[in-house]
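Protein chains in written order, with our numbering: chain A, 1 to 208; chain B, 1 to 117; chain C, 1 to 552.
None of these hints come from the bench; they were simulated from the model.
Any given hint could turn out to be false.
With a cut-off of at most 30 angstroms between alpha-carbon atoms, the simulated DSBU-like pairs for lysine-lysine come out as follows [said to hold, decoys possible]:
1) C:532 with C:499
2) C:118 with C:526
3) A:15 with C:118
4) C:427 with C:194
5) A:15 with C:194
6) C:500 with C:427
7) B:39 with A:119
8) C:194 with C:290
9) C:526 with A:15
10) A:15 with C:500
Remember, predicted model here, so these are calculated numbers, not experimental data.
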Amino acid sequence: MSTQVQNTNAGHVHKDSIGAKTGMWLFLFTELLLFGGLFIIYAVMRGEYTHGFHAAAEELNVWLGVTNTVVLLTSSLTMVLGVSALQRGRAGLAQLYVISTLFLAGTFLLIKFFEWGAKFSHGVFPGMEHLHNLEHGEGVFFNLYFMMTGLHGIHVIIGMIVMVVVNNRLQSGTITRANQGILEYTALYWHLVDLVWIFLLPLFYLTN
Amino acid sequence: MESTNALQSESWDDEPGGHATHHHDEEELHPVADEKQFKVFVALIILTAITVGASVMYPGRIGQGVAFVVTPLKATLILMYFMHLRYERAVFVVMFLVAIAILATVMGLTFLDYLFR
Amino acid sequence: MSESAAATWGKTGSYLDDQGRGNGLMAWLTTTDHKRIGLLYGIAMGIFFLVGMTLGLLIRLELLMPGQQFYDAKTYNVFFTLHGVIMIFLFIVPGIPAIFGNIILPLQLGAEDVAFPKLNLLSWYVYMLGAVIALTSLFAGSSPPDTGWTFYAPYSISSGGSVSLAVLGAFVLGFSSILTGMNFIVTIHRLRAKNMGFFNMPLFTWGLYATSWIQVIATPVVGITLLLLLMERLLGIGLFNPAMGGDPILYQHLFWIYSHPVVYVMILPAMGVISDILPPFCGRTIFGYKAIAISSLAIAIVGYLVWGHHMFTVGMSDTARWIFSLLTFLVAIPTGVKIFNWTATLYKASIEVRVPLLYALGFIFLFSIGGLTGLVNGALSTDIHVHDTAFIVGHFHYTMFGGAGIGMFAALHFWFPKMFGRMYNEKRATWAWGLIMVGFNTLYFPMLIMGIMGMPRRYHDYLPEFQIPHAVSTVGSWILATGIILMVVNIIQGIRHGKKAPNNPWGATTLEWATTSPPPLLNFAKEPIAPKDGPYDFTGRKPGESHEEVLT
């Protein structure tokens, strides 16, 4: 999204960083509501299928979930430190932090890949026979699991792509302290990704 | 018809160069100190440990209850510090609260159906 | 990234003219000028409206007499599905904000453009993509969708028609809506002219503000719901499918959590249009400005709390039902505030009857009927009787078409001179209005009667006792269509050959009238300053004073 906002004073074209940040937060609200719909479904289904949910949750590896949580929390830290670094004019340091975040995000996806892979090999995957044959409560649990962690994972991937672009621009000097907004907004997005995961953890991994 | 429009009124040229009411578009950047963010991070890890510990050691109501309370707390820390809401203008906080309030309300109203069938 | 232009104010000419990039198709397709983008939306939406209208006429044609006349029940289902999808997602939801919000909002605020002009162009492209996808469902696959625009599970999951395409189209259109909402919120917060505090903004702007919040917050909920529907069809994720343990009522909850607030997306801008039209044609300020402004926000908020009234008969708990009913009655209150205040504005005013005012009055009349029938639907006991009958169809056409649709026609006739620098033929426009009003009521009022008599909605055939009201209704559709076509032809004629219009033909007081008709590319020749005494200050205006050009 272009952060170039026109300002009426004296007819000059200023950047309006407050306007741009407002726009970014509005976008974050849409993400909140997007995932919010899924949380509503989860809450209703959990009430409906308490037993099935507990049974199915046993099949997930708590420690992988916790590891991923720590990974994402750390990535949020590196991201916010990167923003601070750039705001202090230290673009090189900011780059290091962004790369660290990328690395952590990749780790997250890798762990998820193994988790999903394990489920897939047991036939527990949307559209597969075994999932279809589970009792309803467990089936719903796993469908929700794949839907929510899947949507979350897509957001992780998108975040990583944006970070690669940001990293390149830090490298080339296109992003500097003067126009640090892009990094700041990327970080806000990333924190939201982390936020969603914070809630996914107890919902799927700690339900027993 | 002085009130009709700006073109008619003569007052629009009063301020010298039209710069007088220059509102602050370029924000001053106030990055939060790194130590503070580290402390928030440590708090987040500890809270995560508490949640996981509680659900492992006290599965059932207690574990769930802890998660129910602690998770929003973790979210608040991330919002306030990592996402800077603690230091932003009030308008951002108000907007955020409105969005969350609406989400919570529609969730609650949905439960009016399911809980009372 | 910031260009420091020498004062960007001061350019003259018309935004419709060649801006140094040629005036061919490419110049229009790559524009970031909010006025051109609004026109791009207008042309596209006009065409889609005619498609939707044709489907409506086809529906009414089949219903002229009992028994099958021209096509079978399955085709009938397809027609009402696509009619709904097109009219709702492609026309009335983007509606006034996409066309008149884009063109007029920055002008009313005294700004050069919206906050994110490039994002604005993107919203139009996203809109076109979604529209094309949705329209493709008419032709692709074994059959177009036949689920109704509401896509209720589980039929929407199992139906063989191109449901997925239509749902995907609606999903993409949602993004356009969100982007527009985001753009307007930031524009209103950040780009108001000097002296224009929030309570100095025109009421059209207030309407757009409240609307934009609904667009941003509510749309993602239908986004995820439609996405899940796609996943159900494509991947077999069984969250709404009872055969897999899913819950179809949950689908309805999520669907209506968006689709009820979206009717306020439709109506709030239209109400804002009415609030802007009345003052100049009454020669006085609006009655109760602050109350109207706040009522827009109130409607937006309370609008989130009432969706269950679409689901009174599907099996919700009694508790949910009576609470939703109570909340539904509450939302009528801020709406009533507006109607009373408009009436008070008209009372003993020095009224000049011109076409925009005719449409505004038409709005008040038709929307009031729609709103009153809404009370019947909101009351639990009576809703049991009228739910899924023609009464509901009448109700929502009175509100959505008689309200938002007529509001759009009002906006068109009000801002036409500003947009094109020309005037349309007022006599023809008045005739068109008359035909529309007669046709509209002839078409929809019988539905209210039929519904109470027991005529179900979405039925291809009916019992002989409903023959007369159906026939009357179908004839009404022909009168209405004639009126609309006359209106459209008149508008096009006006664009091409209309008399040159002055800057402020209506003697209005909001900032868009303080610039040339049509405005230059960057809207104002000099930095505009909002009038200090509110947006509708007519003090000093003598009753009956000529509304010819007030300024040079």
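Okay, which hints does this one fail, numbers in order? 1, 4, 7 and 10
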